[in-house]
Amino acid sequence: MQTLQQFRRYPMEAILVIIFLLLSINAPGFFTVDNQLNVLRNITMQGIIAFGMTMVIISGEIDLSVGSGIALSGCITAWVTRELIVITGPVIAISVGAVAAMAALFFIGVATGKLRQHFNMPTFITTLGLLTVLSGVANLITDGFPITSFPYEFNFIGSGSVLGIPVPVYIFASVFSAIYFLMNYTSFGRAIYAVGGNLEAARLSGIDVWKTKTLALGITGILTAIAGILIASQILSGSSGAGRGWELDVISAVIIGGTSLFGGKGTMRGTLIGVLFLGIIVNGMTLMNVSEYWQYVVRGMLIICAVLLNHSLSKQTSH
Amino acid sequence: MSAEVELKSITKIYGSVVALDHFSHTFKAGKIHALMGKNGCGKSTLVKLMSGVIQPNEGSILINGKETNFHSPSDAFAANVVTVHQELSLVRELSVTENVYLGRLPEKNILGVSYINWTLAHQQTKALLSKMGLDIDPDTEVSSLSVGQQQTIEIAKAMSFNPSLLLLDEPTSALASKEVEMLFTLLRNLKEQGVTMMYISHRMSELAEIADTVTVLRDGKLIGCVEMAESSNDEIISMMFGDVAHATRPARTLSAEKLPILEVRNLSSANRFKDISFDLHHGEILGIAGMLGAGRSELMRAIFGADQFDSGEITFEGIKLEEFNPRSMTAMGIGFTSENRKEEGLVQAHSIHDNLTMASLRKNSPYGIVSRATESTAVAKQFADLHIKAGNAEDPVSSLSGGNQQKVVIGNWLNISPKIMFFDEPSRGVDVRAKEQIFKIIWQQSERGLSSIFVSSELEELLHVCDRILVMKQGIMVGELDPTQTTLTELYSACMEGF
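The listed protein sequences derive, respectively, from chains A and B.
Numbered according to numbering that gives the first Met the number 0, the first sequence spans residues 0 to 318.
Numbered according to numbering that gives the first Met the number 0, the second sequence spans residues 0 to 498.
Chain A with its partners taken away, still in its complex shape (with noise of 0.2 Å):
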């Protein structure tokens, strides 16, 4: 009786420690500490993003422009540290690189904030056609060719250890705590749940409504960046099209996590799980040779159904 009591307060933990046990037995080569690491690997730029996302979401609004804004960041980075490599020397060419892509990100956010306040575009419009609109820009500043612009110890951010851990997973380590400090112990956090659950309530308690929602979007364009960029020095080049096609991961790992897509509900432990369920499930089915297109229906099938299980769940709690 209390293993159930248990479960039906940590579903989406119980299914996750069970499928990493079936995982261990049945998928060849799963649980080793080398693989362990490339989920890890696998997992920190869409967890980085998802941490964002559900501020967003949680906020009452959603960001589908992500996909494009990894793009669009490492081509920015590239293209100024090509501008600048020759006069300032590969760190501050980087290092300027990478603070411009941060800030057109930004930029971009509040930009997406500022329309929904004055204008009251829904943001779902807005970041649907930044989605197309970043893309067009990342290809323009690529001219559709990756720029290949940085140098060989760049790699390390993206693809190096320190202590047997990639790079990247203390990242994803900085950004999950810092983001889970925000949520749960600043006015900022708590101003976000209050306007996605009940926007009129917030605004008469004196709540400034936009200007939270804007620094949600705000702050996931620079979590985006940073993603961007990360990918950026895996790749060794900004290409147009990285990060394609990601934000329905990032959203669905959001969403796999029990954020309600109404805003008001969600936690940043939530997402962290589901953010691991996916690159578990992702990384168990390439080892055991299932198909890429079976990935496909079981990645679809998986947001389905945990979306039906903290539903039931919660009505049951509710009695």
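Accuracy of the hints is not assured; some may be wrong.
What the hints assert, rightly or not - If you only want the chain B side, here are some residues facing chain A, beta carbon under 10 Å, derived: (1) S327; (2) M328; (3) T329; (4) G334; (5) N339; (6) T356; (7) S364; (8) I368; (9) V369; (10) R371; (11) S375; (12) V408; (13) W412; (14) S416.
Just so you know, these hints were derived from the structure itself, not from any lab.
Note that beta-carbon positions come from the ideal geometry of N, C-alpha and C, so glycine has one too.
Once you have looked at the hints, place chain B on chain A.
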């Protein structure tokens, strides 16, 4: 097609509340019968029973001597009993024709396939409208019509059912006076055609113009039925309220010096209120009375900055305000509890703790980091002071009763240590005990120096709670009353007829 309605000992019970108590009465055929009574007297319940929305626990309804048994609104339609509800129920994006024949558009059959017969539909609608003396193109989209025209379409829709009994629940509450005239011409027309009507309204002057009889209800019982032509307003009002014993008011010691904390001057907002000026004094509870639609809530929302206004000045503690939004008001120590607790007061899915600390979030977050300890102390204090009945502060606020939810809304504001509070219908949907507790909280806070503005549709409450009452009528401030020197009847007629 006239109908005589006989109600025999109708009783309707909701939980522990008796909404109608052995109500018996006969409504004569072919007349317009006004139903009157204060809020919660049972008149809406009566309309719902007649239209098949709810069923009585006891008793029977006879139409032309035949016993009816309405299990659903469609049963009522079948018996030619049609209701026009207070809120418009039209689909704004559809045409007049589609709205009138919603779900039952005439069809034609060509080669075994059914099509909508638009020609016939428009013709029928046109005929219906012209019979009512209306010149509206049946192909017009409803959203392009004025509210008054929409109301007439609503009645046209009702007429398309060929009613022998028409129930009208506050049909004029959204209409301008010219549109009311139009509606009345229409109703007189229908009366000539022999339709029996039951008409609910709070506007007494209108009733004198349109109704033949007035039936008064109080606490679910029939108090009496008089011929409109032979009765006076005072007579009807005293029937509505009965012999009211003055409710006990606490002995209030207000300082003789009347220092204004809030001065409102010439505040206007198009279509909502016009040229409003008043002062709110230190520590007083100022009531604003008025009928539904008088502009009370609109005025408070505008002063709090929740809605914009067009012109006017507001001075707080001697300083003229420049910025009007809930955020700056909250920062200055002004709070507002909305009349819609569920939609605008609380985040239902969140905990009691989170709801109690929403307005004080900035205050309790030095450097942006929430001090959970400060918050918990404040939450515990409100639990004790306001007698909030809840298991745990982390339980969702939706698990609380209406009264306790309202206390959470008030507690949320008391946590900013406000100087001024606007209470908009704080007793709505709250049981009697919790009501009294909420009033006690307002009195206690007033003793500690809080100045409040109190809005309520329940006039007894205003007399019971307030130190001074302002009366609004159709967006204009018409006068001021001293509750200790005013009877309920006087206040009621002031709200309806002005001074």
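Which numbered hints does this structure break? 11 and 14
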